[in-house]
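Engineer: Build the complex: two chains, separate frames, hints provided.
Here's the letter readout for the chains.
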Amino acid sequence: PAPICFLGLLLPPLNPAAPISPAEPISQAYSLALYMQKNTSTLLQTYLQYQGSPFSDPGFSAPELQLSSLPPAAVSFKTWHALEDGERLNRAQGAFLALTQHLQLVGDDQNDLNPGSPILLAQLGAARLRAQGLLGNMAAIMAALGLPVPPEEDTLGVVPFGASAFERKCRGYVVTREYGHWTDRAVRDLALLKAKYPA
Amino acid sequence: MMSIYLFWRQPSQMVDKKRMKTSDFRWLLSKFVLLYLMVQVTGALRDLKCTTNNLKVWDCSWKAGFESVIDEVCIEDRSYSCHQVEKTNIKIPALPPGDHVMTVKSSHSPANSLSKFILNEKNVSFIPDTPEILSFSADFPTSTLSLEWNDKGSAFPYHVNVTWEIKILRTERRELIKLETYNTNLNGKDRVHQWSWASDLPLECATHYVSIRCYIDYLHFSGHKEWSDWSQMKKIPWSPNSQTKVFPQDKVVLVGSDIIFCCISQSKVLVAQIGSTLCPLIHLDEKNVAIKIRNISVSENSGTNVIFTTDDNVYGTVIFAGYPPDIPQKLNCETHDLKEIVCTWNPGRPTGLVGPRNTNYTLFESFSRKYVTFKRAETFINESYQLFFQILPDQEIYNFTLHAQNPLGKSESAQLVNIMERVSPHTPTSLKVKDINSTAVILSWHLPGNFAQINLLCQIEINKANSKQELQNATIKGAKNADYLIDVNKLNPYTKYTFRIRCSAETFWKWSKWSNAKQHLTKEAIPSKGPDIWREWSSDGRNLVIYWKPLSINDANGKILSYNVSCSSHEETQFLSEVLDPQHKAELPLSKRDCIISVVAKNSAGSSPPSKIPTIEIPNDDLKVEEVVGIGKKILLSWHHNPNMTCDYVIKWCNSSRSEHCLMDWKKVSSNSTETIIESDQFRSGIRYHFFLYGCRNQGYQLLRSIIGYIEELAPIVAPNFTVEDTSSDSILVKWEDIPVEELRGFLRGYLFYFQKGEKDTSKMRGLEPVGRSDIKIKNITDISQKTLRIADLQGKTSYRLVLQAYTDGGVGPKKSMFVVTKENSVGLIIAILIPVAVAVIVGVVTSILCYRKREWIKETFYPDIPNPENCKALQFQKSVCEGSNALKTLEMNPCTPNNVEVLETRAAPKIEDTEIISPVAERPEEGSNTEPENHVVVSYCPPIIEEEIPNPVVDEAGGTSQVIYIDVQSMYQPQAKPEEEQDIDPVVGPGYKPQMRLPINSTLEETAAEDDIDKTAGYRPQANVNTWNLVSPDSPRSTDSNSEVVSFGSPCSINSRQFLIPPKDEDSPKSNGAGWSFTNFFQNKPND
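Keeping their order, the protein sequence lines are chains D and H.
Residue 122 in UniProt numbering sits at position 122 of the first sequence; the count goes up by one each step and never skips.
Residue 894 in UniProt numbering sits at position 894 of the second sequence; the count goes up by one each step and never skips.
No wet-lab data here; the hints were simulated from the structure.
Keep in mind that the hints are not guaranteed to be accurate.
[Unchecked claim] Which stretches of chain D does chain H cover? Using the computed rule of at least three CB atoms under 8 Å from a CB of chain H, they are:
id, stretch
1, 51 to 58
2, 128 to 139
3, 164 to 174
4, 181 to 195
[As the list claims (entries may be wrong)] The calculated lysine to any residue pairs, modelled on SDA-like cross-linking and capped at a C-alpha distance of 25 Å, are:
id, chain 1, residue 1, chain 2, residue 2
5, H, K513, H, Y385
6, H, K375, D, S117
7, H, K268, H, T171
8, H, K87, H, E72
9, H, K251, D, D57
10, H, K251, D, A62
11, H, K287, D, A62
12, H, K251, D, L34
13, H, K592, H, E578
14, H, K602, H, V629
15, H, K292, D, S56
16, H, K375, D, I119
17, H, K375, D, D108
18, H, K268, D, S61
19, H, K375, D, G116
20, H, K287, D, E64
21, H, K375, D, G107
22, H, K251, D, S56
23, H, K468, H, S438
24, H, K490, H, H520
25, H, K375, D, Q104
26, H, K268, D, P118
27, H, K251, D, S117
28, H, K777, H, V741
29, H, K251, D, G116
30, H, K268, D, A62
31, H, K410, D, P115
32, H, K178, H, E165
33, H, K410, D, G116
34, H, K251, D, P115
Here a beta-carbon is modelled for each residue, glycine too, at the ideal position from N, C-alpha and C.
Next up, chain H with everything else stripped away, as it sits in the complex (with noise of 0.2 Å):
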């Protein structure tokens, strides 16, 4: 059956069986099909397998069926070769691609079996050798642990590309924690490869196991590339003896990182915790464990804690968590000084870290190549780091970088500058201000530094008070540490000034800070002019008084010390006197009064010019005085242009109440102009001031014009005094006075006069007001010097209430009345009284005449001696009363309707006013039949003024004392002024009705004012004083004017029925006018009154 043996020279290796490629499916069944054949053929042979690990020898093994010895195996190549074999393998050098036929003879087969297989590359597993680990070692600070094995590339003489697999597998239980793959190349030499790879977890903490293998991916073999088996494993244990029992310890690690800390120990870690909070554990081999932080935060200065805590102890270690450094920002290097360059940025974001930590910087030169390196005790200000370098002779360019540092990366700026042009000088110091003059001064100051090489320009601040600040800019020539000096001019005399500097260098880039102020008072002036004068004759005539304004600051150049005064005239100056600086006036004594004054005012500088002014007054006749009111607080005054005029003109003011020769203030204008603008801090509204133009000529002053004036007009404050200098039945002459001028406050422009019928006390004539009431009449009295004034057309025996008010331009002032009484019109009366006389007289003759003539027919008619039984009208009578003749009707007795019902009850007292005021005449003498005289008190309207009185017959019980006056109307009112005064002296004596604003009142004192007086004492009264009521029995004379409209009656409650004896529409009836009159009380006293 073995008929096949196939003999090979090479070695054998056993080689793995692979499986075919699903690719060459097909064909491999085909050829499994056939071999199947011929081994059912031959008997034994099958599962011929090819491999390669170095492409070059194929190693073919295959399986006997039974314990067939081979003797024999033969190849056809290009050459037929036959081997002699005894295993079931054989070593070929590898063949040309196609199919080769292998034919194994089996000699000691019962069937001497032949088999034949087709040999080809495809079929080929290329299989490479297991890598070998050359070392496997670890760094244990960095947790690193490094490979390295030998790639063997002399075996392949040809490029290759290799890819390595690396697995990593911790702890006893060889968890697989990293698989890598590495790709590198053959190139037919022998290499070491390295790899290293940085543990999560420290290597103290657990065993770590390395293993690799390989894959070679030969483009040119077209059979099967497998994976080399995996290398033995490697391991680097940890290290039980290490003192440290946390790792990693005094680790930096970046924000927001992921790290694993673990802890060895021999007996169980209960709680693990960083800072504060805990952390789940991770068994490691034996005892030790390990905790897991992701997303660390930045940590504290001393770093983040983590402990692990046992039954017997803690461990612990600490972590700095942070940030790489940031790149520095506004990095700025610029010098103060020319010596050295200072550096100065911003960290930029903190990096969490400090102490040895921190950043370290170095600044590099690249052209000089140095450095300076900063130091960590080199405090920064204010959040900026600075570093000098010094200046380097001859070299201007400078390229800086500088590197930041720390142990979780590194970063640069960099700058390059010209250093000539970034020169910010020192701030100026010992600034020093020296006089020259008055007008100039020296400023010197000292500026440290190397400036030998460039200018510098420097800014002078001068500052004075009240004035605008002045800048300054001077270029000096620089030198090495220096005192600079610069002129300063233009100033003012005598004036503190406050200077300050700064400075740069000529090419600007950025100015030095300001200096110290240094404030200086210039020097003293001679005062740049005199004083401004004026004079004044003393009231006698016989002393000057000579008065000076103050020098402003700016002409008096100093402190002034004194005035002198002397007097010049055409042959000598005599000096009069020195007065000392706070006086500004001299009062002399003059021997002659024709002399030029002249003023000169001192200082330490000197004396000012002199001011001059003539003595002499010129007088000017031709004087009247004009009038001014302001504008705007201003007071304009013009003039007509006087060529005699020569010298200047002066315009003096005063108070005008003040005496003649007060003055409050002088202004001088130029003898060209024609109008000037007078303006004070003194001027006041509602003052008068007089105002005084002088003119000059060359000997003397004239006064020009004489004009009083007002900055404001007001209204007058007080009203005139008026007074009635006459009365008539129809008209009355006032006389008032003139208002003095400091009530006036304003130019009286005329007078408002009012006058009304009224009488004090009235309602009506409270609230008189000119507007709109038709019986006011009102005379504008426009001529100011009329002081009389006379009202005609008035009515006879009538109060009239007079007002008088001045006004200006201002306002109106305040008001003042008086009531007066016009006379009776005796004419009038006496014709009242004949008219009707004679009418009846008339009457009379005609009637008797008439009667007389008429006596036969007046005889036969009604007292005829034989009546006519015709005429008999007593028969008729009774028929016309059944007939219901309306002829006859005053005999008819038909019901009488009242119009009114009144129910009279003792407390309902109050609805029977209101019912009287409704209809007082028609039932009043109805009521009064109807009720109790008793019950009723009689009021009494009685005129303020008592001429005589009768006292009333009738007592009534609740009302105690009770009157009724007739007052004779006439006699009510004095002709003279001020009736008032005299009124109501004697609340008993002048009893009747008063409104209750009145009642208790005394009634003296008020009655000298004026009408306002009586709201003064307004507010409720009640009418308590009912002894003061005159009770009349209810048979009183009634007033005949039963249709007047404008009586009233008196009420208990009432105030307004205070009202006319004299009524005013009513003037015709003599009755009126007859007495004072009264009426029946119907009304029942209050008992509790």
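Chain D with its partners taken away, still in its complex shape (with noise of 0.2 Å):
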């Protein structure tokens, strides 16, 4: 049912009606993140197989890796807890508009790296279109909720355009990592928002 109600909401509702009851795109939203949650190991084991080893050996992690324009799911719980519904939604809008560009990026990236590897560009692909739909659900919840809806910006930048083989690699290590850590947090924070709005 996940992919039927997420191609309804790739249409992103902005429109600027009276709020109605968000529990409905809350919902729509906490199933599609679900729905999303499944797939991101097999995201990032799909991707680190193919970038050979060491990345492809098992239990392949480098924490220390990250992205300065992607921004960390790792919060501490107090500070999570405490945030407000509205600023618990930016965040996340604003870390899955981010990981949609990312993967984009990545896809890219791996076109050049791995262009006879239709099974990983189908899933970065797949993922990207995924968070496009989760996006396009939470700017429903806000428009629900009768928050602003932050404006879509660039992200990226013109850095990337650079990189070495080896950077690609980590940066697509680093987008498929942080799109199963954002999309774990984004079920917690729609269940949350569940609890409080119920249907």
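Structural biologist: Below is the structure:
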């Protein structure tokens, strides 16, 4: 059911009409986030598998790798819990906006590095579409809650084009890893909202 | 002391001291000795050295012994010249070859000395000026160092070879890593030289230094040529400000090469690895490290990762190891449509490089100077790449070169083609078939392409079911994107064809692929001939049954819908019936017996020519039935030519067991043939068929021959039924019946009749075989009409077994057997009684007569009135005894030694039985007298048929009711057949020993069967039924034929012992015929029985 619902959500409901009940968009976004959560580890594993050793070695992890253009999902529980709904949604919105752009970038990178790997490219494309779907859902929630929807902004800038193959691989690793972390966080965010706004 | 002063105009230049060459050592030595002597003489000057850096000016220097001032230096040249000098060196123009004396005057020395030196070019060292580096630069991406310097060739206005030596040092430790020799020449002008070198270590990782020196090899200079000094070092510093930390980045290298990676790090590098393999670290300046990878293997698509791990971070790079492009293989350029040329090739060995590093292909045509480039997006079909090149108007010859290039190298492959000879058309499409008539169609198909300039050669494949495929070629004028048509003739009507087509250019290069197959059923045509017909009159003679065979597919030319039957006579033609197709006969009442029946087959296209047959059957009285046997499932019939038979012959046949009017099939043969072979799937072996040969005259058919036959004869499956009609004492008359045809399964060739003495139940009879048994007589009756047989010369009152078999050429049928007993021979019996009586009477009479005649002598001899003492034998008797005379043996009481000793014990019964068998006659009375009568059962043998029975007065305690039965053998057998059935009706009534096989079986049923039945009841059975054994006292009359070897006696265990009450070889003994006999039973009855 998730793909059907997210197809409907791809059209961002930016209609500035009177706030409707937030329960429905929250529920839809929550379902989509849960569906995305099931595929994030597969995406990461598939991605690493195509990058060669040591990325493809079992148990590979490089937590020290970070991207300045991508906000990290890790946050202390206290901070997270103290956030207001609007701020919480704003952060997730910003993260997924960055993620969609980064996933596009990673897809382009992999098109050069692994042109003969349609599985990886398809999974990256699908992840990007789902992130966009979730963005749309969040915008609907914010509209329903009467919060201002932040404008889309270019989070990538001009930096990444001269990147070396190794940087691209690392970048893709951070993006796919953070995509998983942010999806996990979005599930928690939306679960919290869902509890707050029952249907 | 300083008496020599040298004055020199040229500016001085300090020159290093150089050693003299060893070859000049001798000369030098003498000069030094001379100089020494002179210095000794004059006081202070020594060590004169001369060098030059440009071959024009010599710079000579010496050492002064004291603080002497040299005032004047004079050189004896062509012109003697003197120079005032104040130093210890002087520059003089180069002197011509040869020795020159140089005199140095030292005015201030105490001795005002004068020193003399000999100057020669050979003692001058040529040391070029130190080279000067103009620039030293680095190309970091390629790790290439470039060096530029000026050779200052203007100083040498002539051609001189120069050798440059360049050294590259690395790191602050100035490790020498490269020493290069570089040869040039000087040609009188200043020139700037360049030298570049690719470093294996990326330049970003360490400081690199360079220095250079030179050696000028001027052949005409006879002095010493020496290297210049090393130039001042220049350096390329590593760049710590660079953002990247690992070098080289994203480099593409050849598989198998060695490569060094380095990492610039502020913190200590802990681990370096390529893929997952750790590498030893090479320490560079500061904390920078490098690793060296030898013989790198091919990378995967995304490259090989090289990673340096520090305390707080990881740095990495990716290297792409692959191969330069292989030469494109199997380059082939052809056209499918004369619009564009398709060049295909195989890339050969994979390069291992993908994406932007993949091989780029460019197809270049040299005449038109046009090219097309292979886009990576164009995926290739089964390992083959292709490029399309538009055909140019008015160009037929194309010279293609395919260039392949990747970061590691390039290769190419070329082909020159005349494109008109390389036409391989597309697969024809839209194949359609249209009927023209029943034997011709038009094929049409579409072929895209601009073939207006050429002719096409097309091949049509015509497939018919159950037939070999046929190929037809056709040449067609080509056109542009046209539909093409072609006729196909000589097809069969109403036949399913499958057509396919393929095309090529007339100048053949390649066939196109076959088009899709198209099935087509041709139109129907009228049947080509009428059906094969035959007629039979029905059994009552009123109706005529007309049969016909369905037309073959080839003759039917369509689907047969119906058959029209009509009858034509001279006057008129009468339509009789229309029969729909699946039926192939018509039974019609015929008013006129004389007409010609005609049958036509009809399909949708029309009617066949009629098949005609006259109804009349011309009688033939002269018929006899012949026989025929087939050969190999076929029957060959032949007949004599008969000129009367004008139309044809017909052979019809049927199973002979069917009625007379049956009809299985028929066959028509032309009138001029005299034989035919009849075959049919319906024929079976062992079935009799009846064949009728008809000849055709004008008016009708006449039965010429009637033949019965078999495809293959088999043996009969039953035996003939036979009975005994009559028996006498020496003959039997046997009569038998015919075997039915169905069971005969072949032509009866005769009977085999066996007969043999014997009776049912005896083991001897069971194995009756005609071979190897002397007492079996065989009669082969080949006259099959004979139905009786008299067997003569038999013994009277004897049981015979009769066996009858029928046989055909296919084999011998089963046996049927019967037991018959001949009647008693009364004459023989009478003779057998009378002769002994007569002999006894005659002997008695003769004896009486003799006795009467000699009564006096007899009386005198035997009964004298007064006995003669001399004749008293009584007196001699004792004497004879005492003397041991043998004359009177009868009175001897010799100890009797039995030849067999029997120890009878109750539990040793089987052994006793064996003994009895060994010596049955002689010892039986003895043993009988020695054993206890009550422990023995007398087993009586008796023939199967009991005429009278005598109750046994003796009752055995153990055996219960035991009997002794005396049986009249003569009355044992009935003269009629089937004596078996009467035998053993009641086991109690007909007791006696029986083989164990037969003991408890219900005898009534089994006796009706032939000998085989005995075997069916086989199996061990204990002879438990002791009640049926007849017990006789030991005193029972013994058989007189004690010498008969045939005699056997019963044993509870022996099957074979049931034997002959009538010993076969004892035919003359009347006593043997007298009665059934029994003997005293010596055997203990087993208590547990």
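Engineer: Hints first: check each against the structure and report whether it holds.
Structural biologist: Taking the hints in turn, this is what the structure says about them:
1. 51 to 58: holds (count 6)
2. 128 to 139: n = 0 at 8 Å, threshold three: violated.
3. 164 to 174: holds (count 5)
4. 181 to 195: With 0 residues in contact (Cβ-Cβ under 8 Å with chain H), the coverage given for the stretch 181 to 195 of chain D is violated.
5. H:K513 with H:Y385: Status holds; Cα separation ~20 Å.
6. H:K375 with D:S117: Within the cut-off at roughly 18 Å; holds.
7. H:K268 with H:T171: 18 Å, holds
8. H:K87 with H:E72: 11 Å, holds
9. H:K251 with D:D57: 23 Å, holds
10. H:K251 with D:A62: At roughly 24 Å apart (the allowed maximum being 25 Å), A62 of chain D and K251 of chain H satisfy the hint.
11. H:K287 with D:A62: Holds, at roughly 23 Å.
12. H:K251 with D:L34: 42 Å, violated
13. H:K592 with H:E578: Status holds; Cα separation ~19 Å.
14. H:K602 with H:V629: At roughly 40 Å apart (the allowed maximum being 25 Å), V629 of chain H and K602 of chain H break the hint.
15. H:K292 with D:S56: 23 Å, holds
16. H:K375 with D:I119: 22 Å, holds
17. H:K375 with D:D108: 18 Å, holds
18. H:K268 with D:S61: 21 Å, holds
19. H:K375 with D:G116: 15 Å, holds
20. H:K287 with D:E64: 21 Å, holds
21. H:K375 with D:G107: This hinted pair holds, its Cα atoms lying about 20 Å apart.
22. H:K251 with D:S56: Judged against 25 Å, a Cα distance of about 21 Å means the pair holds.
23. H:K468 with H:S438: The hint holds at about 20 Å.
24. H:K490 with H:H520: 14 Å, holds
25. H:K375 with D:Q104: 23 Å, holds
26. H:K268 with D:P118: With Cα atoms ~40 Å apart, K268 of chain H and P118 of chain D exceed 25 Å; violated.
27. H:K251 with D:S117: 22 Å, holds
28. H:K777 with H:V741: At roughly 29 Å apart (the allowed maximum being 25 Å), V741 of chain H and K777 of chain H break the hint.
29. H:K251 with D:G116: 20 Å, holds
30. H:K268 with D:A62: 18 Å, holds
31. H:K410 with D:P115: 22 Å, holds
32. H:K178 with H:E165: 10 Å, holds
33. H:K410 with D:G116: Holds: K410 of chain H and G116 of chain D sit about 23 Å apart, inside 25 Å.
34. H:K251 with D:P115: 18 Å, holds
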